[in-house]
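Protein chains in written order, with the numbering used here: chain A, 608 to 1039; chain B, 4 to 304.
It is worth saying that the hints were derived from the structure and are not from the lab. These numbers come from a predicted model, not from an experiment. What you were told as hints is all true, and nothing was included just to trick you.
Only pairs whose alpha carbons sit at most 25 Å apart, straight line, appear in this in silico BS3-like list of lysine-lysine:
(1) B:73 / B:114
(2) A:1038 / B:16
(3) A:828 / B:86
(4) B:89 / A:616
(5) A:828 / B:105
(6) A:717 / A:692
(7) B:86 / B:110
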Amino acid sequence: MSVLNLIIKREFIAKVRNKSFIVMTFVSPLIFVGIAFLIGYLSNMRSEVKHIGVHDESGYFIDSFKNTSSYQYEDVSHITKSEIKDSLLSKRWEGVLYIPKLDNFKDFEKNVEYISEDSPSLGFVSQAERVLSDKLTKENWSAQGIDTLKIEAARIDVDLNLVKSSGEETVRGLNEIKIAIGSGFGYMIMMFIVIYGNMVMRSVIEEKTSRIIEIIISSVKPFHLMMGKIIGTTLAGLLQFAIWAIVGGILFFLAQSFFGLNTSSLQQANELTQQSPDSMAMIKMYIEEIKSLPLLSMLIYFIVYFIGGYFLYSSIYAAIGAAVDNETDTQQFMFPVIMPLMLAVYVGFFTVIHEPHGTIATAFSLIPFTSPIVMLMRIPFGVPAYQIILSIVLLLGTFVGMVWVASKIYRIGILSYGKKPSWKELLKWLKY
Amino acid sequence: MQVENITKTYGQKIALQDVSLSITKGSIYGLLGPNGAGKTSLIRIINQITYPDKGQVFLDGEPLQPNHIKDIGYMPEERGLYKSMKVGEQALYLAQLKGMSKVEAKKELTKWFEKFGIIDWWDKKIQELSKGMAQKVQFIVTVLHQPKLLIFDEPFSGFDPVNANLIKDEILKLRDKGSTIIFSTHRMESVEEMCDDIALINLSKKIIEGPLVEVKKQYRTFVYWVGVKTNRQNELKQALEIYKIKEATFKSLDNDWQFSVELGENSPSELLQTLLRFGEVTHFSEQIPTVNEIFIKAVSS
Chain A
608 MSVLNLIIKR EFIAKVRNKS FIVMTFVSPL IFVGIAFLIG YLSNMRSEVK
658 HIGVHDESGY FIDSFKNTSS YQYEDVSHIT KSEIKDSLLS KRWEGVLYIP
708 KLDNFKDFEK NVEYISEDSP SLGFVSQAER VLSDKLTKEN WSAQGIDTLK
758 IEAARIDVDL NLVKSSGEET VRGLNEIKIA IGSGFGYMIM MFIVIYGNMV
808 MRSVIEEKTS RIIEIIISSV KPFHLMMGKI IGTTLAGLLQ FAIWAIVGGI
858 LFFLAQSFFG LNTSSLQQAN ELTQQSPDSM AMIKMYIEEI KSLPLLSMLI
908 YFIVYFIGGY FLYSSIYAAI GAAVDNETDT QQFMFPVIMP LMLAVYVGFF
958 TVIHEPHGTI ATAFSLIPFT SPIVMLMRIP FGVPAYQIIL SIVLLLGTFV
1008 GMVWVASKIY RIGILSYGKK PSWKELLKWL KY
Chain B
4 MQVENITKTY GQKIALQDVS LSITKGSIYG LLGPNGAGKT SLIRIINQIT
54 YPDKGQVFLD GEPLQPNHIK DIGYMPEERG LYKSMKVGEQ ALYLAQLKGM
104 SKVEAKKELT KWFEKFGIID WWDKKIQELS KGMAQKVQFI VTVLHQPKLL
154 IFDEPFSGFD PVNANLIKDE ILKLRDKGST IIFSTHRMES VEEMCDDIAL
204 INLSKKIIEG PLVEVKKQYR TFVYWVGVKT NRQNELKQAL EIYKIKEATF
254 KSLDNDWQFS VELGENSPSE LLQTLLRFGE VTHFSEQIPT VNEIFIKAVS
304 S
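Use the sequences and the hints to build the structure in full.
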């Protein structure tokens, strides 16, 4: 067995046997799902009902405000404005709409007030504005002798059908899924790089502080040790990912058969449709859409970019680990490593989503330090093959160069103790 | 093994300057020198951990090559093993890195572990062992693959006298089986006891090299310790006027007059005859320079 294999095997076993690996593999998806549910629950949670008073002197709006689950409207026209202000203090109403009596419809534009203690939510304000505007517009039409019914009948609403140039019809909402999957993969790569890169770094520091390094590199080349460490840790990471993918696949399959089969039984389908026709249809649509994505090729790209990006960064992490004596000294070197990763995630979240094929998104998906994350976010939107090839070639080229630089620093670093090197010194090591 | 004209610099700092050594096969070679003299740099070059800027190292007449790794065993001064790895697995791993097959390594390890009475530790982690226990494991790992060349850096530090003796005996046995041993230490008494040849490195240069006896001859002062039981002390002093004499004390069970005599060119038997005329000679021995004295003298000059 070659020494590289031996080192890979040891590193892999050391990582996989580690308690934190087991915990991370099996507990973190649970935590993730838990948090997702929590967020979903919190954002869907019905907030308490807000009572809004409507003081309408004009008499147009008494019936315009319909009660909803969040807002209850009450006619308070009989109460004077000064009393309203008092009763607001006593918290009887969240706020009161004060509509004065005006002769000219145009005058309403600036003269309706909403009196409240706390600032109202933007949603409420625009909702109220829309109700007021609609009602007044209609009144205005009637007053000017325009036939309201005709206008309503003439109204045309357009729903865009989203069709890809390849001809297949895409379903509305597919972009959300693409964004979710792309961001998920991109984010996962970033997390892997940070978590596993740190593992590589810690394991280098451990070998250095326990001084076993000298024994090992009297048997193997430092380059082999570094590569063995990186590859072994990658394999552990891939194993973890594979476990997640399999578990996720099973869950997806279960979800599909649950929602798919249940709806085929008529009674249950009716029940479900009655309960929540929209969400049922949504879930089915999402499952269909996920199935329509090129999942396999996305998975392959994920692995390619994962390995490329991970190797690139973990060789930097290994070099940092070799350069310092303990973990606290790593701080000064961490920022330049984390920065491009953060940048990539932000570019992904803000640029790719709005303009998946814009200049910035394209550029960052070619730069090797950000491409693993940004490109993966772009891939679900369809990226020209030449861009993918170029970005992979650039990534691999940079990776080879970086490994060379890192192994130089590593070779010197693992045998230097006692001083925290500066960037300048690291550059000097490259020349040794 | 031959080390020829090795020069090694780290940036501005010169670690080794034109150092040549010749190490006889099957001998124990003491590599001495004050801290920071360049011993570790030299050892690292022999181990191919770093490479010299100039010069070459020959093992069995061949220039040092990567495949010589399996012929060398190295126990560094700063001992190190994976703290959270089991003793047996760790030893197997390190042996395999040195090119042994797993089966062979396991067989040899079992033999050594049994010999040292530590077979129960196989499944323990290093962090559960005491320092001395870990050192034993370290020693086994170093010698397991029966290397032709063994390099020990401070092999006895951390051992109690019983275990130090055990290790010493094993080192001597390895020498007798034909291994060449390089021995770097500051414990001069073990150098006296074990080394056949020594070299002294100071300020990145070799200043002394040779068989221990020859080196001692170089530093010979021809001073003799003498103890005489006599009641004619003044007459004796007059008779010894041709020599330089100093009062001295050394351990003796007799109530004698103790002094040292610098012989110069004269013969010791002449001195002895003179002494015998004045009384009973209870002590007569040459003051052989210890390695310690040679070390201090050579380094401070």
